[in-house]
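Since the structure of chain A is already known, use the hints to place chain B on it.
Line by line, the protein sequences are chains A and B.
Using the numbering used here, you'd call the opening residue of the first sequence number 1 and step up by one each time.
Using the numbering used here, you'd call the opening residue of the second sequence number 979 and step up by one each time.
Simulated from the structure, these hints should not be mistaken for laboratory data.
Wrong hints could be hidden among the right ones.
Unchecked claim - Short derived list, chain A residues pointing at chain B, Cβ under 8 Å:
no., residue
1, GLU774
2, MET778
3, SER781
4, LEU785
5, GLN791
6, LYS793
To be verified - Okay, the calculated bits of chain B under chain A, using three or more residues with CB under 8 Å as the criterion:
no., region
7, 1062-1075
8, 1103-1111
Only a predicted model underlies this, so the values are computations on that prediction, with no experimental measurement involved.
No residue lacks a Cβ here, since even glycine has one placed at the ideal position from N, Cα and C.
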Amino acid sequence: MGMTRAYGERPGRPSLAAVTGGQALTQWSAGIDRGARGNAKSRALVMLWVLFFLAAIGVAILGRLYFLRQSKDIIASKSIELAAVRDLKIEQIREWRAGMLRDGEVLAGDPTLRDEIIRWTANPSDPAITSTMRDWMALMVDKGEYSSVSITSADGSQRISTSGAASSTPSALAASRAARASGEVTLTDLSLDPETGRPTLSVVAPLKANTGQTTAVVVLNRDPEQFLFPILQKWPSPSPSSETLLIRRDGDAILYLNDLRFKSDTALKSKLPLTNSSLLAIQALTGPPRVTEGVDYRGVPVFGALGRVEGTPWYLIAKVNRSEAFAGVLESQISTFLAAGVVLAIIALGLAVAWRQRAVEYYRGRLDIERSEQLLSQQYDQLVRYANDAVLLTDEQANIVQANVRAVALYGYSADELLAMSLDELLAPEQAQPEVPPLSEPPEAEGRVLEIRQLHKNGELIYAETSMQRIETDGEPRYLTITRDVTERKVAEDALRQTTAYLENLFDYANAPIIVWDPQRHITRFNHAFERLTAMEAEEVLGKDLSVLFPEATREESLDLIATATEGEHWETVEIPIRRADGSVRTALWNSANVYDGAGDLLATIAQGQDITDRKLAEDALQHSEERFRNIVNSSPAAIYLYRLEPHDRLVLTAANPSSDIVIGIDHDDLIGKTIEEAFPALVGTDIPDMYRAVARGDLGSQSFEVPYGDARFSGYYAVTAFQTAAGLVAVDFVDISDRKRAEEALRERTEDLARSNAELEKFAYIASHDLQEPLRMVASYTQLLQRRYQGKLDQDADEFIAYAVDGAMRMQTLINELLVYSRVGTQGSPFVETDLDEVLGRVLEVLSISIAENEALITVDPMPTLSCDPIQMGQVFQNLLTNAMKFHGDEPPRIHVGAKHVDAEWVFSVQDNGIGVEPEYFDRIFVIFQRLQSRADYPGTGMGLAICKRIIERHSGRIWVESKQGSGSTFYFTLRD
Amino acid sequence: MTARPETAPIEILLVEDNPGDVRLTQEVLKEGRIRNTLNVVGDGAEALDFLHRRGVHANAKPQDLILLDLNLPKLNGREVLAEIKSDPLLRHVPVVVLTTSSAEADVLSAYDLHANCYITKPVDLDQFVRVVRSIEDFWLAIVRLPGDDS
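Isolated chain A, as found in the complex:
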C-alpha cells in the first residue's frame, strides 16, 4: 500500500522540477502560437455582434411583454365600462316596464273605474257615462305617459278609445284576448302602430266584476320615443361611436327595436338574417351575457357588451367601434416600440466603445508578451542547460531529441548516446510503468509527476521523480521530462519506513499494554494489549483525557502519579488501577518514559503496563485459603499428617494436627522431623510411602483408600486420603473407621447368612414340596383306591380310618402344592414384560367362571392398565384375591369390584367384596404363610393364598394391604409401579 502510494502519481504535490517546467512551457507555447492571434480578433468581433443581437432580442421580448400587459389592461377597463353601461340600461328598462305593469295593476284593481266601466258596458250609448269615461281616459293621456288609452268590453262588442281609431296594434289585440282569459295584467312587445306607423308598447289590464268575470280590458299604449329610445341613445361619456341597441329574434332574423345611430328610421323595420355569426347582435342571442368583439349592422368591427332584458324577448347591446375602444392600445404599442429602439441604440453604442478599448489593450499586450517571450526563451535555455534536474525532450515515440548536462551526468550516457535512445530504455526493467501516460494523451495543465525507477548506464538503480509535460515546439508535438534523482532520499525513506513499521508492529502487537499521551494528558496511542486490558476500543479513547482510564475511587491519586511522570519522573514500577469498559478494575504495574523534541520540550509520555490483577487475586486467595486450611486442619477430627519430600526422596513428617494424637494414639511431637518409614515402621515394605511421594510430586492426584493398619503402638481400620497441598507437600488424612468396618463386616456376614438360609429354605421348600408329593400322592391315591374298592366291604371302623387317611393325605397334598407355589415366586418367576392387565384379569375370570356361577357372584371390573410385570404371577394375584372374595362371603351372594386407579407414580388396584370382613388386628397376619382366621370346616383352604399374593407383589416392588370392617366386607389393595 505504502509503496504504491510512494511511486504513484502525485498531481497535488508538484516538485520544484514540475513547477519550473510547467511555467516555462506555458510561456513557450504562448510564443509558438502566434498564428492563432488574428483569429482571436475576429472571434471577439463576432462575440460582440452576438452580444448585441442577444440584447436586441431581450429588448424585443421585454417590449412585447410590456405591450401585451398594457393592451390587456386597456381591454379589461373597456370591458368593464361597456358591461357597466349595459347593466345600467337593462336596469332602467326593467324599471320602466315595472312602472307600466304597476299602472296596469292599479287600473285593474280600481273599484271606481270598474264600476264606471260596468255601467258603461251596460249602457254604452249613455252620453253621460261615455263622457265620464272619455274624461278619465284623457286624464291618463294628459299625464303624458301614455299616447292613447282604449277600453274594450269583455265580449269585444264595445270599444272606446282616446285616439278615435277603431284599431289597435296586433300584439295589443292578442294581449287583450289573453288578458280576458287569464285576468292578468300584461305588457305587449314593441310593435308598429298600424295607424301612426310608430313603434308602440301597450299595457293590457283586464277589469273584473265582483263575480270575477272580466268585464272589460283597458289598453294603455306607450310611445317608446318618449322614454325608452332616449334612454338607449344616451351614453355616459362622450364617444364618437358608442351606441346601445335593443334587439329581439324575429323568426330567422334579428329585429332592431330602436332607431340606430348610424342608420335612420330603423326601429322595428331593420332586420338582418341569423346567418352572419360574427354579427354582435346574433352573438347576443346565442350566448350568455358577456363582453366580446364582432361586427355591427354596418359591418364595422366593434367591441360590445351583450345582455338580456329579463322577462322580455329583448337583448341589449352596448357597443363601441373597435377602433375607438382600442385606440389606447395602439398608442401603447407605438410608445413601447420607440422605447425599445432607444435602449438598443444605447447598448450598441456601449459595445462599440468597449470594442475599441479592447483593441487598444490587445495591441499593447502583444508588445509586452513578445518582449517577455524573448527574455524567457533565453532564460529557459540557461535553465535547461544548467538545471539541477535532468531535462529530456522526446518526440511522440519517446525518442530523446534533446538532453541537458545534468541528464548526461545522471544516466552516465553521453549526449550523443542519449539522443540515440528512447525514454523507455532508461526505465528499470522490473519496473512496470503503468503511470506513464501514452504520449498521444492531451497534455494536462499541471503535467504529471511520477515516481519511477530508472537505470544508470552502469546498471545502478535510480529512483527518479519525473514530471512530464506535453508541449509543442515549432508545431511538433514533444514531451518534456524533467527528472530529479531521489535515490538517496528514497533509500532513507525506505529505511525509515521499515523502522517505523517495525516499531508500529512492536507497539501494536506487544503483549504488554502500552499507551502514549501528550503533555495535555490526551491519549494519542493505545495498543491492542491495552484494548484487551480495558475492553475499550482505541477509537473510543484516542484524544480523550487519561482520566477515563481510572476508576473513580483512585482517579485523583492516579492523576497525581501521571503528573509526576509528565514532569519528568521516570517510573520503574508504579501500581495504577485501570477501569475496564464494564466498570471492573484491573491492577497493573507501570513504567514510563518521556519523549522530548529537539528543543527539549516534552512531546509525549509513553507507559507500559503489566496486568497483575490475577496475580494479586491469586495471592489474596492463597493467603485466605492457607488460613482456612490451617483452621480446618487444626479443628478436624481426622488425623492429618503433613509430609515434605526432601532430597534423596526422603519423605519427612513436618506437621500434624492435634487430632492425630487421639486418632493414631501417638504424640505427634515424637513424630515430627522423622521420615515416614521412621515414624511408622509398619509401612516399610508396603507401597504406601511411594504412593505419598508420587502425590507430593504431583505425579498422582489425590488418593483415597481404606486400610487396616497398625503396629505395636496402635491398630485399626482407617479411611485415608492423601493429597498434594503444594509442590513437594502431601497431606495425609486418617479417619478411624474400625468400628464401622466391624459393623459392616458383621452386617455383610449376617446378610450372607440370611441369603444363604433363604436360598436353602427356598430350595428346601421346593424339594420338600416336590419330592414329598410323590409319596404323598401314593398314600392318597391308594387310600382312595382302598376306599373305592373296599368301602362297606370291611367294617365301619375301617371305612372311617380310610376316610381320615384320605382327607389327611389330600390336605397335605394341597399344602405342599401351595408351598411349592410360594417358594417359586422368588426363584422361578418370569421376567417382567409389558402386560395388558385387562387380558390377564379376563383370563382369570374365565378360569373362575364355574366358581363364579356356583357362588352366584357378581363381579364388576374397571378398565385395567398395561404395565410391566410378570403376567402369570399377576394372574395368580387376581385369582387368589377373587377366590378369597368369593369364598369368604356372608349370607348375601358375593358382590365384587375390581378397581384400578392411577395415584402419583403408581397404580393402586383394589378388590372389594361384601363378605365377612377382617378384624383390624388381623390385617397383617392374614398375609403370613399358613395363617388362617377361619375354621377349616367353614372355609376350607391352606391360608397360603394371601401370602403368595404378598410375595408376588413384593417381587414387583409394590405393597399389598387390606382395609375392612368385620361383617361389612373387605377391600384388598395392592400397588404396581408405572
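Below, chain B alone, put in the same frame as chain A:
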C-alpha cells in the same frame, strides 16, 4: 371314516418310573371303556428304544398313545417329548404329559414341544379316574383324525 374294529385293543405306552403310579394307571385303565394294551417303560431312554423298536424292544408294536411322565431317570420327559416330536414317524402319535407339577412354566414348556395334552397327576383318585376318562375321550376324538390309517 372307518371306525377301529372293536376287537383290536389300542396300544398305550406309559413312560413312568414310579411303580405306584404305574399300578394306579393300570388299575384305572382296567375300569375304562376302551380295550387297551398298556406297555410300561421306566425311563426316557427306554421309552425311545421302545418307540424306535430298538434292542430288547425290537419287536415292539407301534404305539397309539403315549402317557409321559416329565420326571424320569436318564432322559427326562421333555427330552423324550422333543425327540418324539422331531421324528417324522412318531410325530403323529398323541402324547399326554403326566406330571405332579402344576406350575404353569412346566405346562408352557411342554406345549412348546407340542404335547397334545397335559395332565397333572391328581392326588384325588376320583380326579385321576376323570383324567383317564378324558384321555379316553381324547383318544376317541383322535382316532377320527385323518391320516391315522393303522
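Cross-check of the supplied hints:
{"no.": "1", "hint": "GLU774", "result": "holds, 6 Å"}
{"no.": "2", "hint": "MET778", "result": "holds, 4 Å"}
{"no.": "3", "hint": "SER781", "result": "holds, 5 Å"}
{"no.": "4", "hint": "LEU785", "result": "holds, 6 Å"}
{"no.": "5", "hint": "GLN791", "result": "violated, 12 Å"}
{"no.": "6", "hint": "LYS793", "result": "violated, 16 Å"}
{"no.": "7", "hint": "1062-1075", "result": "violated (count 0)"}
{"no.": "8", "hint": "1103-1111", "result": "holds (count 3)"}
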